[in-house]
Amino acid sequence: MKHFIAIILGMGLISLAQGAKIDWNGYLQTDNRLQLINDYDFSWREYRLNLTAELKPFNRAHFYTNFWFRSLGFPSVKNSADLGNRDKLSPFDMELRSAYIDLYGFLLKNIDLRIGRQRIAWGSGDKVNPTDNVNPNDLEDIWDYGRHLSSDGVCASIYLGNYTLNAIFIPIFTPGVLPTGEWKNALVPAIDLPAGLEPGEITDSVILPENNLKNSSKFGLKLGNTVFGYDISLSYLYGRDDLPISQKLIFSPDPTTGKVNLRSELFYPHMHIFGADAAGAIGDVGIWSELAIYYPEKVTQRMDLSQLGMGITDSVILDNSIYARYLLGADYTFKNGFYINIQYLHGFTGERGADNLEDYLFIGSEYSFFGDRIKISPLNSSLEIKDFKDRKNNLAFVYAPQISYQPMDNARITIGTRIIQGGSNTKFGKISDNKELLFQVRYNF
Amino acid sequence: MQNKFKTIIFTSAILLLPGLQFGQKPTASDIMDRVDKVINGPLDQKITMELKLIDRNGDEKIREIVMYQKGNNKRMTKFLAPADQRGIGFLSLPNGKMYLYLPAFQKVRRIAGHIKNNRFAGTDMTYEDMEAINYNEKWQPELLEDNNDYYILQLKPKENIKTGYGSLKIWVLKDKFFPTRIEYYNKKNKLIKILTREAIEKIDGCWIARKSTMENLKTKHTTVISIKDAKFNSGLSDNIFTKRYLKR
Numbered sequence: 292m293k294h295f296i297a298i299i300l301g302m303g304l305i306s307l308a309q310g311a312k313i314d315w316n317g318y319l320q321t322d323n324r325l326q327l328i329n330d331y332d333f334s335w336r337e338y339r340l341n342l343t344a345e346l347k348p349f350n351r352a353h354f355y356t357n358f359w360f361r362s363l364g365f366p367s368v369k370n371s372a373d374l375g376n377r378d379k380l381s382p383f384d385m386e387l388r389s390a391y392i393d394l395y396g397f398l399l400k401n402i403d404l405r406i407g408r409q410r411i412a413w414g415s416g417d418k419v420n421p422t423d424n425v426n427p428n429d430l431e432d433i434w435d436y437g438r439h440l441s442s443d444g445v446c447a448s449i450y451l452g453n454y455t456l457n458a459i460f461i462p463i464f465t466p467g468v469l470p471t472g473e474w475k476n477a478l479v480p481a482i483d484l485p486a487g488l489e490p491g492e493i494t495d496s497v498i499l500p501e502n503n504l505k506n507s508s509k510f511g512l513k514l515g516n517t518v519f520g521y522d523i524s525l526s527y528l529y530g531r532d533d534l535p536i537s538q539k540l541i542f543s544p545d546p547t548t549g550k551v552n553l554r555s556e557l558f559y560p561h562m563h564i565f566g567a568d569a570a571g572a573i574g575d576v577g578i579w580s581e582l583a584i585y586y587p588e589k590v591t592q593r594m595d596l597s598q599l600g601m602g603i604t605d606s607v608i609l610d611n612s613i614y615a616r617y618l619l620g621a622d623y624t625f626k627n628g629f630y631i632n633i634q635y636l637h638g639f640t641g642e643r644g645a646d647n648l649e650d651y652l653f654i655g656s657e658y659s660f661f662g663d664r665i666k667i668s669p670l671n672s673s674l675e676i677k678d679f680k681d682r683k684n685n686l687a688f689v690y691a692p693q694i695s696y697q698p699m700d701n702a703r704i705t706i707g708t709r710i711i712q713g714g715s716n717t718k719f720g721k722i723s724d725n726k727e728l729l730f731q732v733r734y735n736f
Numbered sequence: 002m003q004n005k006f007k008t009i010i011f012t013s014a015i016l017l018l019p020g021l022q023f024g025q026k027p028t029a030s031d032i033m034d035r036v037d038k039v040i041n042g043p044l045d046q047k048i049t050m051e052l053k054l055i056d057r058n059g060d061e062k063i064r065e066i067v068m069y070q071k072g073n074n075k076r077m078t079k080f081l082a083p084a085d086q087r088g089i090g091f092l093s094l095p096n097g098k099m100y101l102y103l104p105a106f107q108k109v110r111r112i113a114g115h116i117k118n119n120r121f122a123g124t125d126m127t128y129e130d131m132e133a134i135n136y137n138e139k140w141q142p143e144l145l146e147d148n149n150d151y152y153i154l155q156l157k158p159k160e161n162i163k164t165g166y167g168s169l170k171i172w173v174l175k176d177k178f179f180p181t182r183i184e185y186y187n188k189k190n191k192l193i194k195i196l197t198r199e200a201i202e203k204i205d206g207c208w209i210a211r212k213s214t215m216e217n218l219k220t221k222h223t224t225v226i227s228i229k230d231a232k233f234n235s236g237l238s239d240n241i242f243t244k245r246y247l248k249r
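As given, the protein sequences belong to chains D and C, one line each in that order. Counted the way this note's numbering counts, the first sequence spans residues 292 to 736. Counted the way this note's numbering counts, the second sequence spans residues 2 to 249.
Hints in this document: simulated from the structure, not taken from any laboratory. Please note that a few of the clues may not be correct.
Derived DSSO-like pairs: lysine-lysine, alpha-carbon spacing no greater than 30 Å straight-line [stated by the list, open to error]:
hint	chain 1	residue 1	chain 2	residue 2
1	C	K248	D	K666
2	C	K221	D	K312
3	C	K108	D	K418
4	C	K75	D	K400
5	D	K626	C	K191
6	D	K312	C	K62
7	C	K212	C	K139
8	C	K170	D	K666
9	D	K626	C	K244
10	C	K26	C	K221
11	C	K71	C	K189
12	C	K221	C	K170
13	C	K47	D	K347
14	C	K98	D	K400
15	C	K219	C	K71
16	C	K71	C	K157
17	C	K188	C	K163
18	D	K400	C	K71
19	C	K71	D	K626
20	D	K312	C	K244
21	C	K75	D	K347
22	C	K139	D	K626
23	D	K475	C	K108
24	D	K666	C	K71
25	D	K666	C	K26
26	C	K248	D	K400
27	C	K248	D	K418
28	C	K98	C	K232
29	C	K229	D	K312
Just a sample of chain C residues kept apart from chain D, beta carbon distances all over 10 Å, derived [as the list claims (entries may be wrong)]:
hint	residue
30	L144
31	E202
32	I241
Computed footprint of chain C on chain D, listed as stretches where at least three residues anywhere in the stretch have a Cβ under 8 Å from a Cβ of chain C [said to hold, decoys possible]:
hint	stretch
33	398-412
34	464-475
35	567-574
Note that CB positions come from ideal geometry on N, CA and C, so glycine has one too.
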């Protein structure tokens, strides 16, 4: 709340001094989901007020802030003392999503500078972007895939003829947000215990990098131009992966249960990422592609079974050799207004190493009628192909159709479902119990 | 004085156009050439307009946009209202290059030609209708009628021209060479939409319709465009028609 008051107060003072007007806008969104199994448990409850304030004190400057005020989750009262704790009764949080200033024509007419907490979205894909690695992933809500946190940093955009050069610097490392529950398990590789051992308590600790230039900074460059009618860009990024990897596993016996407890130590490896993306059209069909070539630091995982009398072994779980994630996409709108979008992805978020990359197909669709009052997305789906050779156990799909109704301008009510089916080896298959019905209401102001 | 001089030069040039000399009836092509010169006359324009969308039940929705145009092939449109569309930007450049900016994603996306046949922002205009147009480049005209007030022409697409329409029928005011009514026919020669223009006036030396109405005969949906502010030939910079500006 202090951030909010300080920023708004600051903008208010600037606005008074410059005689400029603060432009407020945003939306209120409610999002409730229930599982389509057993007792129809509620699986998600979110009430979000998105508030944006913008100010243009003069032609060459622009302030922008975006806050989320949220009540997310369910009451977590455990005892009578908790009944006096509002956070336990109705969890609430405030998040400063963005706060930056743009300086247009900084030093030279052809340089724009953005300083502060900002989203730097790279890549030409639609929400699925292998080259979009500047900001940390925000996987809190996996169904809002493509969401990222903003980063505190500087982005300079230099315009030289048809060329655009982006240079970014982010001094402090921020880890990505992981999903909760079964989705977290789906994204984190399973640990195989030695035969005959039964898993007990699993704990972990996260080793954050030291806050200094060498260990926590990220920097990158992106150069874009139009070649033969296609928008093409090349990029380079150096920094830490925002999703953790386990570098140490310590197994210990639990004398009370007879099971084996596991303590894991997680850290964030450095990576060089070389990217390329292109967007254009073949005839009237929109096409785009992205290629991200990763060159990570070598990660050796220590498996300490000494307390079980089985010794210590070291194994390389991420080699310092290159691997590539890539995307191919196309979209088309038929004459009757039906829109379809298909994207093929090699390598999902969090998949690392050439041998661990899987294949995915994402389909999006949209059709509006009754003067845009009703919008349907009948074909929205995802297909996961873990192994082409053994498709029976290594295929999974998610079918997520939606229908929304706009009773008036700025208001939209959405109902949708997610049906998940797949082999237990697959990511989607691991969460196939999460069949959901969702109900969202949004009002923009 | 300078304006007067320009007017004399312009008038002389028009009079000397082939087929438009005294005593000679203009051909269909001459008429559309004049129309092109009138509607594409301004070097640049900035127009703020309100779009009223009226459905078959009479329910109304209001959109407000500002449109910048330079020449007849660079156009930038930004939404000012309603709140859920504010900040959306659309940039149209030569050779069919189009970009869309969605503030929620803070990202400029390239969009392909398939969008041209679709309705622009829920209106009854397609993206093709919203493009700056040079009739003589795209359409083959035929004069159907020459009455006291109007030239009435039929336009058929030239070879290798991509359009969502089979033909157009256009009413051109004889004294202003300004089209005031356009009927849009589909490829089966069925009338599907009618555009009418009213309150035609001159601003900064350029003709403009203060009010335009597009009626979709199939859906019974209507869009009324009212010009709130218009500025012509104000020397808009080329920088406006860039991805850099689209994001601002």
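Evaluated hints:
1. C:K248 / D:K666: 27 Å, holds
2. C:K221 / D:K312: Violated, at about 40 Å.
3. C:K108 / D:K418: 10 Å, holds
4. C:K75 / D:K400: Holds - the C-alpha atoms of K400 of chain D and K75 of chain C are around 22 Å apart, at most 30 Å.
5. D:K626 / C:K191: 16 Å, holds
6. D:K312 / C:K62: 26 Å, holds
7. C:K212 / C:K139: 25 Å, holds
8. C:K170 / D:K666: Violated: K170 of chain C and K666 of chain D sit about 33 Å apart, past 30 Å.
9. D:K626 / C:K244: Given that 30 Å is the threshold and the Cα spacing comes to 28 Å, the pair holds.
10. C:K26 / C:K221: Distance of about 39 Å is beyond 30 Å: violated.
11. C:K71 / C:K189: The hint is violated at about 35 Å.
12. C:K221 / C:K170: Holds, because 20 Å separates the two Cα atoms, which is no more than 30 Å.
13. C:K47 / D:K347: Since the Cα atoms of K47 of chain C and K347 of chain D sit roughly 20 Å apart, the hinted pair holds (cutoff 30 Å).
14. C:K98 / D:K400: Given pair K98 of chain C, K400 of chain D holds - Cα atoms ~25 Å apart, limit 30 Å.
15. C:K219 / C:K71: 34 Å, violated
16. C:K71 / C:K157: 27 Å, holds
17. C:K188 / C:K163: 12 Å, holds
18. D:K400 / C:K71: Measuring from Cα to Cα gives roughly 21 Å; hence the hint holds.
19. C:K71 / D:K626: With Cα atoms ~29 Å apart, K71 of chain C and K626 of chain D stay inside 30 Å; holds.
20. D:K312 / C:K244: 25 Å, holds
21. C:K75 / D:K347: At roughly 26 Å apart (the allowed maximum being 30 Å), K347 of chain D and K75 of chain C satisfy the hint.
22. C:K139 / D:K626: Holds. K139 of chain C to K626 of chain D sits at ~20 Å (cutoff 30 Å).
23. D:K475 / C:K108: 28 Å, holds
24. D:K666 / C:K71: Not OK: K666 of chain D and K71 of chain C at ~35 Å, beyond 30 Å, violated.
25. D:K666 / C:K26: Between K666 of chain D and K26 of chain C the Cα gap is close to 52 Å, so the pair fails against 30 Å, i.e. violated.
26. C:K248 / D:K400: 17 Å, holds
27. C:K248 / D:K418: 18 Å, holds
28. C:K98 / C:K232: 25 Å, holds
29. C:K229 / D:K312: Judged against 30 Å, a Cα distance of about 21 Å means the pair holds.
30. L144: Fine: 30 Å to the nearest Cβ keeps L144 of chain C off the interface.
31. E202: Fine: 30 Å to the nearest Cβ keeps E202 of chain C off the interface.
32. I241: Nearest chain D Cβ is 13 Å from I241 of chain C, so the label holds.
33. 398-412: holds (count 3)
34. 464-475: Since 0 is below three, the answer is violated.
35. 567-574: holds (count 4)
The structure fails to meet hints 2, 8, 10, 11, 15, 24, 25, 34 from the earlier list, while all remaining hints are met.
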